[in-house]
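Chains as they are written, first to last, in the numbering used here: chain R, 646 to 990; chain L, 646 to 990; chain P, 646 to 990; chain E, 646 to 990.
Derived from the structure by calculation, the hints contain no laboratory data.
Using N, Cα and C, we set each Cβ at its ideal position, and we do this for glycine too.
Heads up, a few of these hints could be off.
Stated by the list, open to error - FRET-style restraints, in silico, Cβ to Cβ: (1) Ser719/E / Glu888/R: 21 to 31 Å; (2) Arg757/P / Pro717/R: 36 to 46 Å; (3) His977/L / Gly937/R: 53 to 63 Å; (4) Asn660/E / Ser933/L: 29 to 39 Å.
Said to hold, decoys possible - If you only want the chain R side, here are some residues facing chain L, beta carbon under 8 Å, derived: (5) Thr833; (6) His861; (7) Pro867.
Protein chains: 4
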Amino acid sequence: MVGIGVIGYGYWGPNLVRNFYDVPGVQVHWVCDLRTERLARLRLRYPAVEITDDFNQILNDPRVDAVAIATPVSTHFKLAMQALRAGKSVFVEKPITATTQQAERLIEEADRRGLVVAVDHTFIHTGAVKKLRDIIQKDLGEIYYYDSVRVNLGLFQHDVSVMWDLAVHDLSIMDYVLGARPRAVSATGMAHVAGQPENIAYLNLHFDCKLMAHVHVNWLAPVKVRRTLIGGSNKMVVYDDLEPSEKIKVYDRGITLDPMAPKASERKKQMRIGYRAGDMFAPQLDVSEALGSELSEFVACVESGTQPTADGAAGLRVVRILEAATKSMASHGAVVELPKDLVPA
Amino acid sequence: MVGIGVIGYGYWGPNLVRNFYDVPGVQVHWVCDLRTERLARLRLRYPAVEITDDFNQILNDPRVDAVAIATPVSTHFKLAMQALRAGKSVFVEKPITATTQQAERLIEEADRRGLVVAVDHTFIHTGAVKKLRDIIQKDLGEIYYYDSVRVNLGLFQHDVSVMWDLAVHDLSIMDYVLGARPRAVSATGMAHVAGQPENIAYLNLHFDCKLMAHVHVNWLAPVKVRRTLIGGSNKMVVYDDLEPSEKIKVYDRGITLDPMAPKASERKKQMRIGYRAGDMFAPQLDVSEALGSELSEFVACVESGTQPTADGAAGLRVVRILEAATKSMASHGAVVELPKDLVPA
Amino acid sequence: MVGIGVIGYGYWGPNLVRNFYDVPGVQVHWVCDLRTERLARLRLRYPAVEITDDFNQILNDPRVDAVAIATPVSTHFKLAMQALRAGKSVFVEKPITATTQQAERLIEEADRRGLVVAVDHTFIHTGAVKKLRDIIQKDLGEIYYYDSVRVNLGLFQHDVSVMWDLAVHDLSIMDYVLGARPRAVSATGMAHVAGQPENIAYLNLHFDCKLMAHVHVNWLAPVKVRRTLIGGSNKMVVYDDLEPSEKIKVYDRGITLDPMAPKASERKKQMRIGYRAGDMFAPQLDVSEALGSELSEFVACVESGTQPTADGAAGLRVVRILEAATKSMASHGAVVELPKDLVPA
Amino acid sequence: MVGIGVIGYGYWGPNLVRNFYDVPGVQVHWVCDLRTERLARLRLRYPAVEITDDFNQILNDPRVDAVAIATPVSTHFKLAMQALRAGKSVFVEKPITATTQQAERLIEEADRRGLVVAVDHTFIHTGAVKKLRDIIQKDLGEIYYYDSVRVNLGLFQHDVSVMWDLAVHDLSIMDYVLGARPRAVSATGMAHVAGQPENIAYLNLHFDCKLMAHVHVNWLAPVKVRRTLIGGSNKMVVYDDLEPSEKIKVYDRGITLDPMAPKASERKKQMRIGYRAGDMFAPQLDVSEALGSELSEFVACVESGTQPTADGAAGLRVVRILEAATKSMASHGAVVELPKDLVPA
């Protein structure tokens with residue numbers, strides 16, 4: 646039996662509790678929140694769960710093996726570090742921390758203590774993204790570009806920009822599905838509401854290969870869009886997360902290069918570019934809830950001491966890019982180099 | 646009667662001939678092309694039109710008042726300048742020239758001779774873009790962003806990048822619908838086929854106001870997308886050119902700012918951001934063919950000596966941005982300032 | 646405080662319990678089901694609710710004012726009648742009963758005892774259908790047709806045909822939004838699986854006016870469709886329940902009739918039919934959960950003794966059509982007259 | 646060289662002339678129309694074509710081998726019969742004639758004279774419908790249903806109902822892609838404009854097998870829909886003619902039948918119905934213009950004396966159904982038996 650405490654019962658906390666309830670061998674002992682009206686609501690639904698507004702009560706409970714932290718980003722580090730020091734493994738909402746340094750310290754602490762640090766990169770546990778990874782690795786050939794649009798009329802966050810709120814999803818997906826790691830990043834954005842963080846942003850990820858990645862995030866769009874285009878030398882993919890069932894479409898399309906006819910090549914010495922437009926294929930996807938399988942994996946890691954798919958290092962890689970992109974945005978899109986990744990992929 | 650010569654009978658030339666035929670008071674006297682098989686095809690359909698592979702024949706014909714130039718971009722300047730010097734007004738395919746200097750010289754030459762220089766910014770003559778301009782000017786309030794995606798599996802051009810081929814449309818539309826002119830531009834792109842120009846590019850236009858504009862163009866996309874999102878302080882627009890009839894949708898959506906409740910404001914000193922989600926409205930659009938009304942306007946200008954909507958100065962403004970964006974792309978996205986526009990808007 | 650018992654905890658029962666929990670002034674005392682594994686699941690989530698497999702325990706509990714019945718259709722009548730006789734008001738899943746006679750007896754019994762009979766016509770409590778009713782009554786003019794397609798790869802029901810499972814929704818919506826009542830019905834359908842009820846069906850509703858209604862339901866469709874087209878003399882509507890936000894679109898389109906020019910009319914003596922293609926408008930819709938407001942209304946009716954929007958008479962009208970359509974289907978689409986509706990609308 | 650005369654230069658005639666021009670070995674000698682302004686327009690574009698308002702001039706011209714008839718339906722028989730009697734093969738707009746008797750007489754006359762009668766069932770020459778036929782014959786298994794929706798805000802025809810105008814397309818496609826022939830038909834419809842033919846209609850085709858076919862046609866719909874759903878025992882198809890490139894989607898979906906577990910089967914003696922939801926596949930389609938390949942085939946048949954895919958018999962089969970459906974519509978949807986088809990399929 647793995648004992649769990651959930652910290653934060655706002656937007657995401659109820660989903661954590663509900664899904665932990667369905668993982669066999671798990672017991673949710675505690676939920677902590679500072680807002681008593683939130684806890685009252687919880688009590689009605691889950692009377693067996695103890696509630697508190699004092700995080701230390703959870704840390705002091707020896708039945709608790711791990712805590713799940715679903716609080717504002719600025720508090721992730723402090724809470725997770727306290728938990729690790731109390732000997733608890735941690736499952737932290739994305740982004741894992743507000744700075745790379747914080748993420749590095751969490752990884753180090755967990756490593757020293759033999760505890761698990763997991764980051765909630767939910768999307769990589771969806772059937773769609775798992776299939777996307779397979780297709781990218783097997784069918785697409787050399788990857789040319791990865792282009793994501795993730796926009797909607799969204800809840801403004803007061804403490805983080807749209808980049809830390811939305812682009813974090815794209816960065817965690819890319820971290821999982823692309824073999825390559827970006828070398829540098831540049832970003833532009835704007836805050837249209839005085840005193841608020843940026844509500845629109847464009848990120849460019851630069852790689853040491855032919856790959857180019859771009860992300861558009863926007864809290865002020867009239868319509869919701871969740872569409873990623875991925876082009877490879879062999880095939881191309883559209884991943885549209887709003888499609889009810891055909892979220893992944895694989896197109897057998899691309900270009901072909903043929904030497905031009907002799908006469909023409911004498912004049913231009915160039916290749917003729919042809920087009921290949923073949924069939925489209927939409928694989929059936931696993932539709933089980935991502936958060937459920939993610940929490941099952943986390944619990945298994947806590948029991949066995951192994952590392953989850955989205956471990957602290959994955960969280961760190963994503964925060965590195967967000968931090969560099971924030972720096973680039975402040976300097977009008979200047980290219981900011983990323984540190985060579987020392988954590989083995 | 647206005648006499649016309651058409652130069653270039655490749656992809657666009659036949660559309661010019663067909664549409665000039667339908668403008669009252671116009672006679673197409675000549676079509677010039679170097680490819681005899683093209684001219685043979687023309688002869689079958691329009692036996693009354695004289696054909697030639699010698700441009701000078703047209704320039705020497707006193708019945709010809711104006712020439713329409715639909716040849717590769719690199720030849721626009723030379724052909725248009727010759728025509729102006731022969732006393733003919735010119736209608737030039739987009740982009741008007743390959744450099745800003747060339748465009749400036751054409752404008753100057755036409756000005757001196759009292760001739761018309763028009764650039765074929767076809768989209769600004771569509772019902773959709775005319776309506777878009779109205780809505781932006783009347784309903785949207787302060788414009789926050791203009792975001793366009795124009796991608797497809799497209800014909801690679803050997804002589805120009807995807808930016809000069811596709812983004813030119815977005816730049817001409819913005820030049821027409823937005824009151825503001827960009828102050829600077831930055832762009833990134835990549836050529837995935839060795840020896841070919843860039844086939845994917847992202848442009849950022851920077852303005853002296855809260856407006857941010859972004860364009861994504863791509864010749865290697867698996868699907869065709871032609872979608873522009875425009876956000877304003879009052880309303881927002883989606884302009885999707887692939888929608889059969891509802892190309893323009895106006896959303897009564899946005900954010901509202903309210904002072905927070907006293908207690909909260911003591912703690913945070915901030916405004917509460919609310920959301921407004923109201924009705925959507927798709928105006929009925931004029932569906933007449935854009936090229937037809939564009940050529941009618943050009944012919945009327947030739948007759949009266951007035952300036953067309955897309956005059957040489959409009960063509961110049963677009964080429965300036967393309968030239969600066971090309972420079973930015975070569976320096977990995979560095980911000981390139983645009984010259985202050987001396988031509989009155 | 647209104648005390649509730651829920652009968653049946655299969656597909657819909659959990660939604661009833663969850664929504665009753667959110668209605669102020671309601672207490673769910675009991676849930677009854679014959680499947681103990683179902684009840685075990687309930688106990689985990691709602692430990693305060695008593696569970697039983699004996700319906701009589703609920704009927705004998707004086708704290709229970711009303712029961713909600715979410716069991717197979719064939720059991721609705723017996724259970725509802727027992728409940729009424731025990732002095733409990735009833736909220737019954739759609740369709741209200743398996744026969745018109747059963748529905749009539751329930752209405753009569755409830756009437757005699759001053760109890761409430763409500764039928765769960767959930768859709769009429771959605772923001773979309775409420776708006777649809779407004780638009781039909783105010784804007785459309787004379788209604789010409791109502792055409793609904795409701796198909797998907799669906800769960801086969803063993804006891805009822807696709808008509809009783811899916812068309813019941815369309816009939817309940819029509820009952821609510823159209824002023825007119827059908828005069829007769831005809832239907833065709835087919836059972837493709839031996840020993841199973843019909844999995845595809847087409848219904849025609851005949852009215853005493855220019856209105857024509859048609860419903861296509863199908864459990865074996867490759868894609869999910871929920872689209873209704875409604876044409877009126879002034880405007881037309883598309884109601885697409887799968888659209889995330891623009892479920893209702895109102896089109897200012899139609900035909901115009903002009904007397905033809907004298908010369909033509911001499912020859913043909915007819916009107917010229919013209920077309921009107923105007924703006925489209927998608928109203929913002931109330932997005933609160935339909936079942937919640939439906940149950941609130943039911944509880945208020947139980948307290949005050951008033952009738953709900955979907956009362957027993959509404960349930961009876963829908964079953965009458967289903968019964969007649971079943972008869973028509975058995976006779977290859979013969980037109981079956983409906984009884985004149987004696988219950989005032 | 647095959648000589649052609651085109652009769653009728655209204656909506657479709659110009660398409661015939663343009664496409665005949667592109668068939669090698671064909672010369673369009675004549676175009677006939679009673680409206681001189683139509684012919685004036687033709688003369689401008691095709692000065693080599695002779696124009697006339699006297700059909701007999703064409704019949705008397707020995708250079709003319711075949712005539713294409715694109716006039717109102719009511720005139721098809723008379724014109725086609727005259728042409729056959731003058732020794733010309735005929736290509737007739739759909740529907741081939743206004744009555745089955747007329748179609749039979751044309752077939753008989755052509756047969757006696759060794760001439761070709763073709764009907765313009767354009768859709769069966771599209772890449773989409775050709776692929777649909779392949780898929781139906783190879784992949785779908787037993788066909789369960791064929792359901793087509795073909796609606797739009799359309800041009801009212803004064804002389805024929807929406808069924809003869811639009812459903813004729815569906816009937817010609819079914820005639821081509823389905824192996825089976827209908828046994829009977831029933832139809833309902835309504836004329837909402839006084840003095841005009843029916844503008845909305847629903848057809849049911851009855852077969853001697855598990856197949857059920859249904860067609861909804863409507864001239865008064867707010868949006869354009871061209872969607873056909875086809876379900877088979879192995880796979881299912883969506884054919885959406887408005888999709889720009891993925892017109893045909895094949896779904897590996899359906900039901901599975903498993904004997905129920907012993908205990909359950911004792912109680913219910915029934916099969917458990919399961920669902921199969923697999924991949925979707927959209928084949929690349931031939932995008933050449935259907936009318937071009939159709940006219941090429943017709944010309945080849947005229948030269949060789951062979952029969953086209955859509956011969957007089959195909960035209961007759963479609964008119965038989967239209968005639969029976971019209972009869973059914975007049976008797977409120979009564980089932981009308983079709984004659985056993987004596988022409989071998």
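Against the earlier hints, flag every one the structure doesn't satisfy and list their numbers going up.
As far as the earlier hints go, 1, 2, 3 and 4 are violated by this structure, in ascending order.
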